[in-house]
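Novice: If you're matching positions, the sequence shown starts at 1 in the numbering used here and goes up one per residue.
Don't read these hints as lab results, they were simulated from the structure. It cannot be assumed that every hint is accurate.
Cut-off 25 Å, straight-line C-alpha distance, at most; resulting in silico cross-link-like pairs (DSS-like, lysine-lysine) [stated by the list, open to error]:
id : residue 1 : residue 2
1  : 147       : 111
2  : 143       : 111
3  : 147       : 234
4  : 234       : 143
Label-pair distances were calculated between CB atoms; the ranges are [to be verified]:
id : residue 1 : residue 2 : range
5  : 150       : 186       : 27 to 35 Å
6  : 283       : 202       : 20 to 28 Å
7  : 311       : 186       : 18 to 26 Å
Remember, predicted model here, so these are calculated numbers, not experimental data. Idealized CB from N, CA, C, for every residue including glycine.
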Amino acid sequence: MVWALAAALVAACGGDRRITGPGTLPVSAEVRLGATAHVLLSGSQVAGAVRFPAAGSQGAQYLVVSQFATGTPNVSGSFTTGGQAALSGGPRFAARRPIGPSERFHAGLRKREARFAREAFARGGLQPVAPASRAAPPVLGSKRTFKVCGDLDCAQLKNVVATTQYVGTHAAIYVDDSVPGGGLTTADLNAIGVAFDSVVYPLDVAQFGSESDVDSNRVVLILLTIKINELVPKPSCDTSFVTGFFYGADLLPGFRTQYNNGEIFYGFVPDPTPPSTRCQYTTQQVRALLPTVFIHEFQHMISFNYHVLIGNGDPEVLWLNEGLSHLAEELGGLHYDSLSDSLNSFRYLIGNLYNAFSYLKDPQSVALITENPPGTLEERGAAWLFLRYLADRYGATATRAMVQTALLGDANVAMATNTPFATLLGRWALAVYLTDLPGFTAPTALRYDFWNFRAVFAQLHRDLPRDFDAVYPLQPPSGVGVDATTSGQLNSGSGAYLLVNQDASGPSFDLTFRGAGGAALPQNAGAQLAIARIR
Numbered sequence: 001m002v003w004a005l006a007a008a009l010v011a012a013c014g015g016d017r018r019i020t021g022p023g024t025l026p027v028s029a030e031v032r033l034g035a036t037a038h039v040l041l042s043g044s045q046v047a048g049a050v051r052f053p054a055a056g057s058q059g060a061q062y063l064v065v066s067q068f069a070t071g072t073p074n075v076s077g078s079f080t081t082g083g084q085a086a087l088s089g090g091p092r093f094a095a096r097r098p099i100g101p102s103e104r105f106h107a108g109l110r111k112r113e114a115r116f117a118r119e120a121f122a123r124g125g126l127q128p129v130a131p132a133s134r135a136a137p138p139v140l141g142s143k144r145t146f147k148v149c150g151d152l153d154c155a156q157l158k159n160v161v162a163t164t165q166y167v168g169t170h171a172a173i174y175v176d177d178s179v180p181g182g183g184l185t186t187a188d189l190n191a192i193g194v195a196f197d198s199v200v201y202p203l204d205v206a207q208f209g210s211e212s213d214v215d216s217n218r219v220v221l222i223l224l225t226i227k228i229n230e231l232v233p234k235p236s237c238d239t240s241f242v243t244g245f246f247y248g249a250d251l252l253p254g255f256r257t258q259y260n261n262g263e264i265f266y267g268f269v270p271d272p273t274p275p276s277t278r279c280q281y282t283t284q285q286v287r288a289l290l291p292t293v294f295i296h297e298f299q300h301m302i303s304f305n306y307h308v309l310i311g312n313g314d315p316e317v318l319w320l321n322e323g324l325s326h327l328a329e330e331l332g333g334l335h336y337d338s339l340s341d342s343l344n345s346f347r348y349l350i351g352n353l354y355n356a357f358s359y360l361k362d363p364q365s366v367a368l369i370t371e372n373p374p375g376t377l378e379e380r381g382a383a384w385l386f387l388r389y390l391a392d393r394y395g396a397t398a399t400r401a402m403v404q405t406a407l408l409g410d411a412n413v414a415m416a417t418n419t420p421f422a423t424l425l426g427r428w429a430l431a432v433y434l435t436d437l438p439g440f441t442a443p444t445a446l447r448y449d450f451w452n453f454r455a456v457f458a459q460l461h462r463d464l465p466r467d468f469d470a471v472y473p474l475q476p477p478s479g480v481g482v483d484a485t486t487s488g489q490l491n492s493g494s495g496a497y498l499l500v501n502q503d504a505s506g507p508s509f510d511l512t513f514r515g516a517g518g519a520a521l522p523q524n525a526g527a528q529l530a531i532a533r534i535r
């Protein structure tokens with residue numbers, strides 16, 4: 001309701017109305033907002049100058065977010081937002097952090113899954129291969145040979161002989177017969193299996209839906225093998241390594257017969273005294289990380305079932321698929337938090353919080369909507385923050401609908417929420433800064449409900465200052481009226497933040513949103529200004 005009222009106060013102006021000064025643009029929109037109200041301007045409304053009215057006796061402050069509010073991946077371009085003088089300024093660019101080998105590996109898995117699915121449909125579609133009879137779950141002590149990715153591009157497959165060492169209600173764990181000694185004990189394996197059966201499986205199924213059962217054995221297989229450790233050798237594994245994964249090629253037995261033809265997760269193993277080519281991983285590390293890996297990867301498996309096997313479509317696009325899997329990690333953390341188990345809760349939650357913090361330090365340099373590839377910690381942080389906002393605003397029904405569909409990406413999100421995608425991006429961008437802002441009560445559309453990120457990040461800054469080096473990472477530049485400006489490069493789904501202040505009884509002013517040097521922005525960028533009045 002507040003947004004509708006604010007929109008009514010934005011007047012589109014005729015092309016003959018101009019402000020004074022050299023190189024000026026016609027006024028294309030006027031913004032008149034009460035405190036806490038917001039408006040989203042796009043299209044012809046941002047083609048010229050946006051006029052803000054003179055301030056009252058108390059002055060005013062606005063949050064202005066310049067966005068490429070598009071669902072098209074990998075759109076980027078230079079921009080400048082600010083007073084007319086800003087048109088002559090040059091952009092500032094932030095270097096994109098190179099992705100690590102683990103991120104590249106997972107991005108490659110998702111891309112190959114999409115290619116395999118398209119190739120299968122081009123040959124007449126996926127034809128399920130039914131086993132001769134319904135299989136039983138594996139029995140303890142039984143052996144099986146698996147095919148496992150032997151390099152980061154999965155260009156070669158290596159044989160792994162493994163033995164079943166846990167069989168539960170929903171999972172069976174195989175351990176590579178060649179794992180180093182001094183690793184996981186029977187008690188460790190039972191703990192990992194019970195965590196999957198009693199926590200990971202019910203949480204993901206309740207939130208997202210059911211997995212497939214192409215091998216009809218009624219369980220998900222978990223293969224723990226040293227081959228996963230070997231995917232990233234030293235020295236790269238000192239900073240980025242593969243802990244585990246799901247690969248959709250295993251669920252295409254009628255098309256990709258060289259894989260394992262069933263529901264399977266892969267995980268790394270302890271390596272307490274490794275050779276010089278491998279990194280050391282302790283049993284404690286493996287036990288702590290594997291359940292979070294599985295709850296993340298299980299969403300990918302469930303999504304593949306609905307999008308590809310049931311929906312006869314492509315796998316979900318990378319950014320949304322990853323965002324939903326990071327939402328799954330959060331589910332695990334909240335489950336343990338409800339049990340007052342702070343250690344396990346921390347293990348599931350800290351990754352998302354660190355990624356989100358990293359994103360908020362420089363949001364305009366991060367592409368939310370990307371397929372080239374998705375995978376940096378900042379991009380994952382953006383995706384989780386966006387999905388958490390959608391979960392708060394539209395509930396679990398919406399996030400479940402995003403999985404149980406053949407729709408993809410922005411079209412999927414818009415259908416699940418019954419809201420235009422650009423509107424969601426605009427409101428979310430404002431909510432990231434305005435939620436729990438001191439002295440400001442954010443309206444429902446512009447806030448998170450579950451997380452008080454300002455309080456959480458402040459606590460993490462006190463406890464872990466090396467990793468969380470600010471009380472709150474998002475600190476927009478600010479300026480007074482026409483002197484306020486920001487510039488740089490925007491990417492699909494990203495936004496650049498600017499606080500615009502007006503002194504008491506300050507004059508009206510105009511801001512523009514243009515390419516570098518005053519050029520037009522890319523036509524497919526979905527250029528949008530999300531504006532909220534703070535006071």
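Novice: So which hints don't hold here, by number, going up?
Specialist: 2, 4, 7
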